[in-house]
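Undergrad: Going line by line, the protein sequences match chains A and R.
Mapping of the first sequence onto full-length UniProt numbering: position 70 corresponds to residue 70, and the numbering continues sequentially without gaps.
Mapping of the second sequence onto full-length UniProt numbering: position 8 corresponds to residue 8, and the numbering continues sequentially without gaps.
Please keep in mind that the hints were generated in silico from the structure rather than gathered at the bench.
In this text, a Cβ means the ideal position worked out from N, Cα and C, and glycines have one as well.
One thing to keep in mind: the hints can contain errors.
[Said to hold, decoys possible] Each computed DSS-like pair below joins lysine-lysine, with the alpha-carbon atoms no more than 30 Å apart:
(1) A:284 - R:169
(2) R:189 - A:233
(3) A:251 - A:313
[Claimed, not checked] These stretches of chain R come out as covered by chain A in the derived footprint (C-beta under 8 Å, 3 or more residues):
(4) 302-313
(5) 327-333
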Amino acid sequence: MDFFQVFIELAQSTVRVSTPLILAALAGLFTERAGVFDIGLEGKMLGAAFAAGCVAYITQSVYMGLLAAILVSVLLSLVHGYASITQRGSQIVSGVAINFVVAGSTVILGEAWFRQGGRTPALSESGRFSAIHLPFADAVRDVPILGQIYSGLLSGHSPLTYLAFLMVPASWWILYRTRFGLRLRAVGENPGAVDTAGISVIWLRYRAVICCGILCGIAGAYLSLSAGAGFTKGMTAGKGYIALAALIFAKWRPKNILFACLLFGFLDAFAIRYQGFAFPLIGKVPVQLMQALPYILTVILLAGFIGKAIPPKAGGVPYVKER
Amino acid sequence: MSVPYAKLPAWAEYGLIPLVNLAVAFLISGLVVLIVGESPLEAAYHMINGAFGRGEYIGFTLYYTTTFIFTGLAVAVAFHAGLFNIGGEGQAYVGGIGVALACLALDRTLPWYLVFPIAILGAAFFGALWAMIPGWLQAKRGSHIVITTIMFNFIAASLMNYLLNKVFKPLGSMSLETRTFEAGGQLPKLDWLMSIFGLSVGSAPFNISFLLALVAAFAVWVLIWRTKLGYEMRTMGHSPAAARYAGIKEAKIIVITMMISGGLAGMMALNPIMGEQFRMQLDFVQGAGFVGIAVALMGRSHPAGIIPAALLFGMLYQGGAEISFEMPSISRDMIVIIQGLVILFAGALEHMFRPAITRLVIGLSPKTRDVAATKGA
């Protein structure tokens with residue numbers, strides 16, 4: 001039974017680590033499915049986390065913090081949209097630029113406003129999302145297996161975690177069962193056809209970019225309002241890129257995103273918990289290999305050695321209306 | 001499809017537009033300085049003074065410039081073939097293996113001028129190797145080069161962390177670095193070059209790899225504009241379909257281009273390892289690979305543009321250190337903002353001011369106006 005307890009704890013931390021990955025990967029799903037590549041997920045998440053930390057501290061309200069995070073992230077998305085949709089600049093270059101601007105300015109502004117070495121002041125309870133305890137979680141704690149799963153794994157997460165997991169079927173529904181989603185996917189495959197049908201490619205892509213901004217904002221808010229108690233310098237620590245890897249690993253599909261993020265989250269949680277753990281058969285695996293594994297797996301997948309990841313056809317190409 | 005923009009004279013195309021883009025980037029950076037509550041003019045003064053005020057400062061500026069010439073050239077070479085190599089950071093990091101191996105093996109027996117060529121080959125070899133894999137994956141397996149090079153940056157970071165921990169670290173040492181090289185692994189400073197201008201290099205690590213960077217810049221110019229390979233690369237960059245139709249082997253060009261690009265990025269490792277620290281440390285690249293993107297975009301992928309762009313970023317890095325010393329609320333992260341804004345305005349938004357400038361330029365010069373009028377543009 002001890003083994004089972006360990007498993008529950010590991011699963012619990014996997015869920016925690018995966019939450020921002022799921023949100024950010026879904027964010028990427030919306031823009032990339034609309035044909036706008038976005039390697040600026042990292043920057044948007046970082047900017048959102050910073051805004052959330054600042055505003056939640058000043059207003060002492062977690063919801064204002066969340067709102068600020070979404071606002072900043074959407075603004076950054078619109079910059080990306082303006083550069084890559086309206087100005088038809090390179091989407092990759094624009095994403096890189098956003099990552100740098102945010103990485104620098106969060107530190108400079110944070111230091112100027114709070115003077116705590118680039119972090120925002122620690123948040124009190126009212127400035128953070130407190131964990132939701134599902135009903136009877138305490139009562140059934142001692143029931144073997146089912147009770148442990150219920151109270152140890154399902155209960156006691158941040159509301160944003162539940163939101164993240166709900167967003168997976170919701171995104172699927174939006175993308176595959178609504179008119180907006182159908183058009184969004186069409187604009188990523190063949191914008192010319194969408195344009196012929198009399199639908200504005202530009203406006204559709206802007207809406208996709210805004211959706212991305214909202215989800216990235218929630219992901220960022222999770223980092224500073226739920227996982228941590230305030231913003232710390234560079235707190236995304238490459239999570240945006242892992243989310244990007246997960247998005248590709250999932251072949252741009254909502255359901256696969258959930259599993260890819262859980263897998264990458266598990267690798268991370270495992271690496272943190274069991275440094276120097278000796279596997280049966282393989283022996284000790286260096287922690288550096290565990291850290292690099294998500295990236296290695298994505299490269300192998302991209303190379304077509306395990307399945308084939310085919311990106312949206314019009315991805316990365318600015319749309320020029322025929323004249 | 002109609003031509004989106006009228007053709008501009010060369011001075012406007014290669015001079016005015018980059019300058020306007022740069023000016024906007026700096027204006028916004030100035031705004032950030034204002035928000036922080038400091039004076040942008042004072043910051044600019046400290047920056048210029050910190051970068052050029054003394055021989056030693058100039059030495060530091062040129063030391064950073066050396067690094068950025070290498071990484072800028074690396075990105076530019078790939079750009080010419082239509083490839084976006086974001087992996088300069090990782091390639092430079094892995095290139096360090098070549099430098100460290102050459103120095104650790106030979107520094108006690110050979111003089112620096114014999115170790116240096118071997119280290120150059122080593123750096124270029126490992127950098128090229130690290131870029132070859134994404135290149136090969138793009139050419140043969142169709143995986144997107146941008147994504148794979150990003151992934152390879154992270155893999156490189158883990159790999160180097162492991163190697164420094166398990167292979168390079170001397171026994172009993174706690175810090176993640178190789179042992180300090182003896183005289184054979186130390187590049188001479190260019191104090192004679194500075195003293196021609198009556199300046200003293202002081203403690204600045206301005207070393208001979210600067211000359212290597214200039215040679216590399218010239219070699220890149222020859223490669224891109226004076227060789228068959230360069231012609232094929234540019235053809236592929238302009239139109240992959242035309243290149244295929246002309247019988248150019250796409251896969252071969254992609255792999256070779258990436259190897260040249262990675263080799264150049266790898267050679268960057270010579271400057272900090274053999275020129276400054278005399279040992280390989282954890283994270284010695286410090287984002288220089290990413291600065292290369294900004295440098296290549298600003299220099300419009302031409303060596304003659306890359307050298308001044310690298311000098312500009314060298315000035316930002318050295319002057320930025322001085323600013324953070326004089327004005328504590330502006331840390332060196334300010335450079336990261338400027339770098340991002342330069343990438344944004346010189347890269348993604350490069351056409352934003354073009355219509356206005358075109359109108360202005362054509363309005364100003366009677367000759368181009370007549371040409372435009374006869375063409376009915």
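Undergrad: Decide, hint by hint, whether the structure agrees.
TA: Hint by hint, here is what the structure shows:
1. A:284 - R:169: Satisfied, since the Cα-Cα distance of roughly 20 Å is no more than 30 Å.
2. R:189 - A:233: Distance ~36 Å between residue 189 of chain R and residue 233 of chain A Cα, so the pair is violated.
3. A:251 - A:313: Since the Cα atoms of residue 251 of chain A and residue 313 of chain A sit roughly 13 Å apart, the hinted pair holds (cutoff 30 Å).
4. 302-313: violated (count 0)
5. 327-333: holds (count 4)
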